[in-house]
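2 protein chains.
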Amino acid sequence: MEKFRFLLSGSGGQGVISLAVLLAEAASLEEGLTAVQSQAYGPEARGGATRSDVIISETPIFFPKVRQPNILVALTNEAAGKYLPLIRPGGLFLYDVDLVQPDGRVDARKVGLPMYAAVKETFGRAVAFNICVLGVLLALTGAVGPDAVRKRLKSNFDPAHHAANNRALDLGLDLAAPCPPYP
Amino acid sequence: MEKFRFLLSGSGGQGVISLAVLLAEAASLEEGLTAVQSQAYGPEARGGATRSDVIISETPIFFPKVRQPNILVALTNEAAGKYLPLIRPGGLFLYDVDLVQPDGRVDARKVGLPMYAAVKETFGRAVAFNICVLGVLLALTGAVGPDAVRKRLKSNFDPAHHAANNRALDLGLDLAAPCPPYP
Numbered sequence: 104m105e106k107f108r109f110l111l112s113g114s115g116g117q118g119v120i121s122l123a124v125l126l127a128e129a130a131s132l133e134e135g136l137t138a139v140q141s142q143a144y145g146p147e148a149r150g151g152a153t154r155s156d157v158i159i160s161e162t163p164i165f166f167p168k169v170r171q172p173n174i175l176v177a178l179t180n181e182a183a184g185k186y187l188p189l190i191r192p193g194g195l196f197l198y199d200v201d202l203v204q205p206d207g208r209v210d211a212r213k214v215g216l217p218m219y220a221a222v223k224e225t226f227g228r229a230v231a232f233n234i235c236v237l238g239v240l241l242a243l244t245g246a247v248g249p250d251a252v253r254k255r256l257k258s259n260f261d262p263a264h265h266a267a268n269n270r271a272l273d274l275g276l277d278l279a280a281p282c283p284p285y286p
Numbered sequence: 104m105e106k107f108r109f110l111l112s113g114s115g116g117q118g119v120i121s122l123a124v125l126l127a128e129a130a131s132l133e134e135g136l137t138a139v140q141s142q143a144y145g146p147e148a149r150g151g152a153t154r155s156d157v158i159i160s161e162t163p164i165f166f167p168k169v170r171q172p173n174i175l176v177a178l179t180n181e182a183a184g185k186y187l188p189l190i191r192p193g194g195l196f197l198y199d200v201d202l203v204q205p206d207g208r209v210d211a212r213k214v215g216l217p218m219y220a221a222v223k224e225t226f227g228r229a230v231a232f233n234i235c236v237l238g239v240l241l242a243l244t245g246a247v248g249p250d251a252v253r254k255r256l257k258s259n260f261d262p263a264h265h266a267a268n269n270r271a272l273d274l275g276l277d278l279a280a281p282c283p284p285y286p
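Protein chains in written order, with this note's numbering: chain S, 104 to 286; chain F, 104 to 286.
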């Protein structure tokens, strides 16, 4: 099994795909790991749900889709309800406390953080929310280093967005700092 | 076999991933088809090569990676050299005539068009080159309709880019108009 199997989910417009591409590129282009990133668009996508999978490994990856994530991110209640049943027992479930109210028991470590509120407070609106979520993921999992992501942010985005993107990444890193690492 | 198995390749910065996401979203969100889009980042990605796969089908898709594309797009010589050997016999090979000089024989229908020159002439620089390539693909394959892509362009991009994106799409549609359709 690959060490990091992310299932990232939310609604269209939350930047889930962009987050996934950044994570996969940071791992592969900056840290020499192997990464696969995919989106499957089925009937649920037409309801506004977005799902993107990222696998990061030190060895070749044969099947690009995540069947049992060990790290699940959900940014809407719909996404949480849909994908929580897939999580690996003992996995990590990251959600936004203001956007998601997880119900039911699940054999996973739940981490709820106010990422959406943090970017709203910092920027006055929901700017770079996905980058803040990515910062949390980096801090919790150590899957890739923050510097690798900063290089991709610089490479992929217009210079006008660099300051906000880096600030959002820092917000995420800071929010997650008190949480014990996974795994 | 799925009817449309696109392998889209070029170098980082040419917008190959964005093109792939637009194509998959237009098919799934606007036209009710099933689509899968994936990126694999191996050692070659660190050399600057980009590859993105899109499968569009009317039925469920079980393996998200394209093993034998029936439609190959290459926007650099490196990408053409690397991926042409994978093309399905009789498939469609689309390349930019100014960026790629295909050598060797290949059992595929070669279509070389001046997409890069067209956007440079229209915009003064290489704006929305990937959208122009997408316009060509739509005209050649009929995989999705132009209106489906226009809706995704409107939904995914800042209003400031709408006019240029739609103009680039039209450029691609016009460039491909004289070419017979595939398949």
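Hints may be right or wrong, so weigh each one.
Since the list gives no way to pick out one identical chain from another, each pair is judged satisfied if it fits inside one copy or across any two copies.
Dumping the calculated DSS-like pairs for lysine-lysine here, alpha-carbon to alpha-carbon at most 30 Å [unchecked claim]:
| # | residue 1 | residue 2 |
| --- | --- | --- |
| 1 | Lys185 | Lys257 |
| 2 | Lys254 | Lys168 |
| 3 | Lys223 | Lys106 |
| 4 | Lys254 | Lys223 |
| 5 | Lys257 | Lys223 |
| 6 | Lys223 | Lys168 |
| 7 | Lys254 | Lys185 |
| 8 | Lys106 | Lys213 |
For the record, the hints were derived by calculation from the structure and aren't laboratory data.
Outcome of the hint check:
1. For the homomeric pair Lys185 and Lys257, the shortest alpha-carbon distance between copies (28 Å) is at most 30 Å, but the shortest distance inside one copy (34 Å) is not.
2. With identical chains, the CA atoms of Lys254 and Lys168 are at most 30 Å apart both within one copy (26 Å) and between copies (27 Å).
3. Taking identical chains as interchangeable, the C-alpha atoms of Lys223 and Lys106 are never at most 30 Å apart, the minima being 33 Å within one chain and 44 Å between chains.
4. In this homomeric assembly, Lys254 and Lys223 come within 30 Å of each other (Cα to Cα) both inside a single copy, at 24 Å, and across copies, at 28 Å.
5. Proximity of Lys257 and Lys223 under a CA criterion of 30 Å is satisfied in both settings, with 22 Å inside one chain copy and 25 Å between copies.
6. Taking the shortest Cα distances, Lys223 and Lys168 never come within 30 Å of each other, neither inside one copy (33 Å) nor across copies (38 Å).
7. Taking the shortest alpha-carbon separations for Lys254 and Lys185, only the inter-copy value of 27 Å comes in at or below 30 Å, while the best intra-copy value is 33 Å.
8. In this homomeric assembly, Lys106 and Lys213 come within 30 Å of each other (Cα to Cα) only inside a single copy, at 19 Å, whereas the closest approach across copies is 42 Å.
Violation of the numbered hints given earlier is confined to hints 3, 6; the remaining hints are satisfied by the structure.
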